[in-house]
Amino acid sequence: MTPPKIKIESLDFYYNTHQILSNINETIPENAITSIIGPSGAGKSTFLSLFNRLWETTPGARVEGRIQARFSDSFMDINDPKLSVIQLRRAVGMVFQMPNPLPMSIFNNVAFPLKLAGITEKETVQNRVTTAIKACGLWPEVKDRLDKKATTLSGGQQQRLCMARALVMEPEILLLDEPTSSLDPRSGAMIEELMVQLKPRCTLIMVSHQPDQVERIADQVIDFTPGSESCR
Amino acid sequence: MNRSFFQQKRDRNETAARALLFMSALVCCLLVVLILGFMVVTGLPLFGQNQAMDLLTGAWSPHNGGYGIAPMIFGTLWISFLSVVISFPMSLGCAAYICVLGPHGKATVMKRCVQMMTGIPTIIYGFVGVFLLVPLIRNTAGTGSGMCILSASLVLAVLIAPTMILFFIQSFDRVPRSWLDAVDALGGSRVQKLVYVVLPACVKGIVTGTVLSFGRALGDTLVALMIAGNAIQKPDSLLDSARTLTAHIALVSAADFESMEFKSIFLCGAVLYLITALVILGARLIERRGTHE
Ligand SMILES: Nc1ncnc2c1ncn2[C@@H]1O[C@H](COP(=O)(O)OP(=O)(O)OP(=O)(O)O)[C@@H](O)[C@H]1O
Ligand SMILES: [Mg+2]
Chain A
0 MTPPKIKIES LDFYYNTHQI LSNINETIPE NAITSIIGPS GAGKSTFLSL
50 FNRLWETTPG ARVEGRIQAR FSDSFMDIND PKLSVIQLRR AVGMVFQMPN
100 PLPMSIFNNV AFPLKLAGIT EKETVQNRVT TAIKACGLWP EVKDRLDKKA
150 TTLSGGQQQR LCMARALVME PEILLLDEPT SSLDPRSGAM IEELMVQLKP
200 RCTLIMVSHQ PDQVERIADQ VIDFTPGSES CR
Chain B
0 MNRSFFQQKR DRNETAARAL LFMSALVCCL LVVLILGFMV VTGLPLFGQN
50 QAMDLLTGAW SPHNGGYGIA PMIFGTLWIS FLSVVISFPM SLGCAAYICV
100 LGPHGKATVM KRCVQMMTGI PTIIYGFVGV FLLVPLIRNT AGTGSGMCIL
150 SASLVLAVLI APTMILFFIQ SFDRVPRSWL DAVDALGGSR VQKLVYVVLP
200 ACVKGIVTGT VLSFGRALGD TLVALMIAGN AIQKPDSLLD SARTLTAHIA
250 LVSAADFESM EFKSIFLCGA VLYLITALVI LGARLIERRG THE
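Quick note, the sequences are listed as chains A and B, same order. The first sequence begins at 0 in numbering that gives the first Met the number 0 and counts up one residue at a time. The second sequence begins at 0 in numbering that gives the first Met the number 0 and counts up one residue at a time.
If we strip away everything but chain B, and leave its shape as in the complex, we get (with noise of 0.2 Å):
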């Protein structure tokens, strides 16, 4: 009698305790879908005054109804692509010196490094980009004021590093000791061992970190809102000045609540969503490919 009392209570709490976290769950997911569809919504007003494919693809000139959002996309693709290219072959080295390579010290003491500098605020790096970087490139190039998409993407490699190192490392660290061993073992060098047992097995690995760290950088306001001159055009070469799309939302929020500029940063919002969104779903089938094999 008392026991099963104590059984149907218990049940009781468990039904509530599983009713709560289910409602946590789908409030998480709905939000994810509903700050996109706010943003998609907000953002329609655009579509009354210009072709749909204006605003993804024309220039943007809010004097003559332009309000296209071009410029800003290529600004953030050039400058994310430009930054992963610049730090992958930095952070892989990095990595395969801390986890293969190097000596086990060194390796350690590198290793606290990184782990460290993810945890340094994005504003540093702006700073150091703005009053070291920019006059350097600005003196190098010879022309321009330095705040160019060369500078942003410089500064933002930095900035993922440690993410793409991290992941690497990690991704590293799964290979079987036994494989390593066997190497040793075998006489193999440190170098043998990366480039024919380590690198061979963490390509997956190595593919997704790169991915998700293309992602971070998209995602990322400050360093090309600092460094990347914010001129509304598309970019030429890389010493042309770029605003991204984060930038973009960034500068124009300031700015009055009705304009129709303050409407289009929904729109670029919805965009950056969804490029991010694919970007990070693409990462994951790759990693979910690596681990069915």
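So here's chain A without its partners, still in its complex pose (with noise of 0.2 Å):
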């Protein structure tokens, strides 16, 4: 197994005094892809959550325990206050369980990241939006509308967008709240090949509700499951 990426210790989440977690140790491998499992309710969402720091926006959420990033050979603390949250998402991307392109065209959908980031130079955005859509497949279907609204899509489309869009920045971590779900056979398998792909770039964490689709793609497994403690 490859060297681990994240390694989580004695970690518990709470929503006010409701909690979610309690004493989470796992450790998360470097260009793999992890999948998440477990019932409905159970903070597979809120886990992912951590690796992001999204729980942030929720007013009430907390965490206590330490996660551990390695970004650049050194594993640091992600929540360390000193360790800057936007620098933070722009290194762990994110692929929601419901598309959710911006009110925007598709090219500017996939360059919003860049923007964000200051990164403005005409050229180096064309080159990196390009790169980001023909790796998810998409580039023959938008090639001739890339000026059109992002929701003129299909929900497929769409989601290999969201894709593109967490792909631009080139992620170390990427994380994945069942993306799947709302997509026809055919869309859901294109992203699973691309999520494969994936794997020599980056380290994919993935909610899960599909039993096959785990078997096929995911390398670990961590179940959410009440009373389990079961690794692959």
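Rather than coming from a laboratory, the hints here were simulated on the basis of the structure. It cannot be assumed that every hint is accurate.
[What the hints assert, rightly or not] So the derived label-pair ranges between C-beta atoms look like this:
no.	chain 1	residue 1	chain 2	residue 2	range
1	B	L43	A	D146	36 to 46 Å
2	A	S180	B	R189	28 to 38 Å
3	B	R283	A	P102	17 to 27 Å
4	A	P139	B	T117	51 to 61 Å
5	A	N24	B	R283	51 to 61 Å
Predicted model only: the values in this text are computed from it and were never measured. Just so it is clear, CB atoms sit at the ideal spot from N, CA and C, and this is done for glycine as well.
From these two lone chains plus the hints, build me the complex, please.
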């Protein structure tokens, strides 16, 4: 197995006084797909939000314990207040369950993270956007309509666009929350294939409700079913 | 047999209820039209003595038979417009802080404050204006009484701010959560979220809220009455005293019922009514265009 990318030690998570996660100890290997499974409400999405600190946008949410991730050879505490959450989120991409393109053109959606990061040089933007869209297998479908609204795409295309948007920053870690659950089998298969292709340059963590999908692509499984502590 | 009997009875009840509700709706609509008609008809005698245009554009000089309400129209528009101009950046910033920029705890406290502001009686704002702002303006300007367009607009700006802020907040809150999550997850700062996603999505709401607040400023009586000085003149500068249509109506309605001055206030009412109706109609139109997109 590949070396660890993320180490989670005695982690607890609360929404106000309601404890969602308790005493989690896990290691997430680099350049692999780790799948999170478990029943609805078990805290899978919450767990995923720990890695890009998206939980911080929820008032009353609180975390205890340590999550260390290795960026450029040294481990650092993700929850360290000195760590810039904005920098963190640029290195940790996320794809949501429902495709969530922004109300702008297809091109601008993928270029948006670059804009946020202050990368404005036209050629660079053009190249990186094109590369990201191609990597998601979306290029033949959108190359003639890059200036059309992203909402004119189909659900499966929108999800791949969101993948492209997450990948344009070349994140080291990619979080996926049931990325194929709102898609037809064909679109789902394309996303799965893409995830496997991403392994050499990315650490992927995916929540999934589909046992066959987990069987197909996961290198490691973390089970959130209460009472089970299984890892494969 | 029984069944159809009950059926019929329910139907009859329903018809009665419908008729009643229709009547009340009709009364409301008719009232709106009737009030306008009443003001126009009662204002008609003025038209016998002057040209219609003189009434709307001429000067106010009752001793020479001049009942032009133009100074009041100008006063109203100046004060209302200026108050919106002052209030807009303040309200937009406040709403943005509450919805996007500020930390949750502080934002909630601020929102409660704004909600409370809507409940403060207008007269309190008038008081504060008279005793705090007017002397300040008088001393700063060095001339005049301090009762002027600027003072009235400043107080009115504070008065209409809660309306504007709450409308903006409502509009900001309608931005889909998934868009905000997307910006957060992509490493956008709060300011970037505001500028790139929230504001573009809320342009229609912002315009509508501003126009409606303008309508509210047009209709306000007390602030201008207490603070603008009520001089009947076409204002030339912000430090000039002015009288609004509303203040004019309030002041003159205390005068002799038979006088021509008294009759002129009905025209003022009609003009105010029309301007306000147009503004609100405009706002609704913008709002509707927004939902169709
Ligand atoms: N914003 C919130 N405030 C309070 N409680 C929350 C919040 N979000 C989630 N929860 C609670 O936390 C628990 C875990 O939620 P989470 O969304 O992580 O579950 P999940 O495993 O992803 O479920 P699903 O499979 O349905 O997506 C649930 O009991 C939920 O009610
Ligand atoms: Mg979930």
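Quick rundown of the hints versus the structure:
1. B:L43 <-> A:D146: 36 to 46 Å: Cβ of L43 of chain B to Cβ of D146 of chain A: about 59 Å, so the range 36 to 46 Å is violated.
2. A:S180 <-> B:R189: 28 to 38 Å: Since the Cβ atoms of S180 of chain A and R189 of chain B sit about 30 Å apart, the hinted range of 28 to 38 Å holds.
3. B:R283 <-> A:P102: 17 to 27 Å: Between R283 of chain B and P102 of chain A, where Cβ atoms are some 24 Å apart, the hint holds.
4. A:P139 <-> B:T117: 51 to 61 Å: Given about 55 Å between the Cβ atoms, the range holds.
5. A:N24 <-> B:R283: 51 to 61 Å: holds, 59 Å
Going down the numbered hints, you'll see the structure goes against just number 1.
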